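Using the sequences provided together with the hints, build the complete structure.
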Amino acid sequence: MAARARLWPHAMLATATHDHKRGEDVRARLAVLSERPAHWLAAALPWRAAHARWVRPLPQGQAPPPDAQWMLYQTLVGAWPPGLDWRDADGVRAFAERIAQWQHKALREAKLRTDWLAPDLDYEQACHDFVFTLLTGEAAPAFLPSLAAFVRTIAPAGAVNGLAQMLLRVTVPGVPDLYQGTDLWDTSLVDPDNRRPVDFAVRHRSLRALQTHPEHSLAPLLAHWTDGRIKQAVLARALGVRAAMPEVFAAGRYLPLALSGSGGAHALAFAREHAGRWVVAIVPLHAAALLGHAAVPVFPAGAWRDTTVCLPAPLASIPLHSVFDGQTLCGARLALGQTLGALPVALLHG
Numbered sequence: 001m002a003a004r005a006r007l008w009p010h011a012m013l014a015t016a017t018h019d020h021k022r023g024e025d026v027r028a029r030l031a032v033l034s035e036r037p038a039h040w041l042a043a044a045l046p047w048r049a050a051h052a053r054w055v056r057p058l059p060q061g062q063a064p065p066p067d068a069q070w071m072l073y074q075t076l077v078g079a080w081p082p083g084l085d086w087r088d089a090d091g092v093r094a095f096a097e098r099i100a101q102w103q104h105k106a107l108r109e110a111k112l113r114t115d116w117l118a119p120d121l122d123y124e125q126a127c128h129d130f131v132f133t134l135l136t137g138e139a140a141p142a143f144l145p146s147l148a149a150f151v152r153t154i155a156p157a158g159a160v161n162g163l164a165q166m167l168l169r170v171t172v173p174g175v176p177d178l179y180q181g182t183d184l185w186d187t188s189l190v191d192p193d194n195r196r197p198v199d200f201a202v203r204h205r206s207l208r209a210l211q212t213h214p215e216h217s218l219a220p221l222l223a224h225w226t227d228g229r230i231k232q233a234v235l236a237r238a239l240g241v242r243a244a245m246p247e248v249f250a251a252g253r254y255l256p257l258a259l260s261g262s263g264g265a266h267a268l269a270f271a272r273e274h275a276g277r278w279v280v281a282i283v284p285l286h287a288a289a290l291l292g293h294a295a296v297p298v299f300p301a302g303a304w305r306d307t308t309v310c311l312p313a314p315l316a317s318i319p320l321h322s323v324f325d326g327q328t329l330c331g332a333r334l335a336l337g338q339t340l341g342a343l344p345v346a347l348l349h350g
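Our numbering puts the sequence shown at residues 1 to 350.
Worth double-checking, as some hints may not be accurate.
Stated by the list, open to error - No farther apart than 20 Å at their CA atoms in a straight line, the calculated lysine to any residue pairs in the SDA-like style are these:
#1 Lys105 with Arg27
#2 Lys21 with Tyr73
#3 Lys21 with Val198
FYI, nobody ran anything at the bench for these hints, they're computed from the structure. These numbers come from a predicted model, not from an experiment.
Right under this line is the structure:
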């Protein structure tokens, strides 16, 4: 990043586009599976076994084959919309339609059993039927509550990953690009799903509510984190810092900050500085281990224990204002139990 700040300070920073295959928050949630592989297999292997009778035998092999089944289950887990109740028949039906549309394109572009120039319609139909059997058909009464329950166990950690990813995009060297609608949770899939109309009215209302109390802590938004307002609020405040300190982000140096303590491997911290003006960003890494079974994306008390960020001498004497919760901190070390106590990411300036 220090080299990027020197050589490509104005390169684009994008985590979502009109052509992404999985939305930024789908990927953030799926990353949790890499942290909890045993937990994932404990859910997915029974699903595969229970659904084997709906896999259709075709002359060329199973439909869907094992690799397509794994891809489907991962996509269901990653893209399950925050706040969707598995008992909401209309909502689940709409989700199934999106998944089927994604699957059709994914199978053709993989070019393993079907493709755009030589489609295997029997294979595609069997895979399509499998999706709807799971989500709206014979398998749904048992599968949907199990799927939703599993998503609840990883979604908070996925949300932390999403907030960390978004804050990094706005603060590391480069110019952040914000794709339409991704200021709230982005569980979109490949086009045309990622090009659906954006409900800007909802976004305008929540942003106006945030702007009426610009100094208030964002922590209360975590109580209803699935609505995405916490992501929009963190983004808006971070962009406000960029607007107020443009030279720090356009020409400022990048300085990695050391961490010490038992949780040092679970966080990343850095500073941006220009002409004596400073910004410090702190994000968690591999958050699932510290979150445990938390139902909201905030770290339990004591999770960070003795973990601190070490500040260099010029920065240690400057009062730092926390953009997201209003704290003012000062000293050679920032305790993560305090800095990340109310929200899972931190942005400070001084």
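Okay, the hints, checked on the actual structure:
1. Lys105 with Arg27: holds (18 Å)
2. Lys21 with Tyr73: holds (15 Å)
3. Lys21 with Val198: holds (18 Å)
Checked against the numbered hints listed earlier, the structure breaks none of them; every hint is satisfied.
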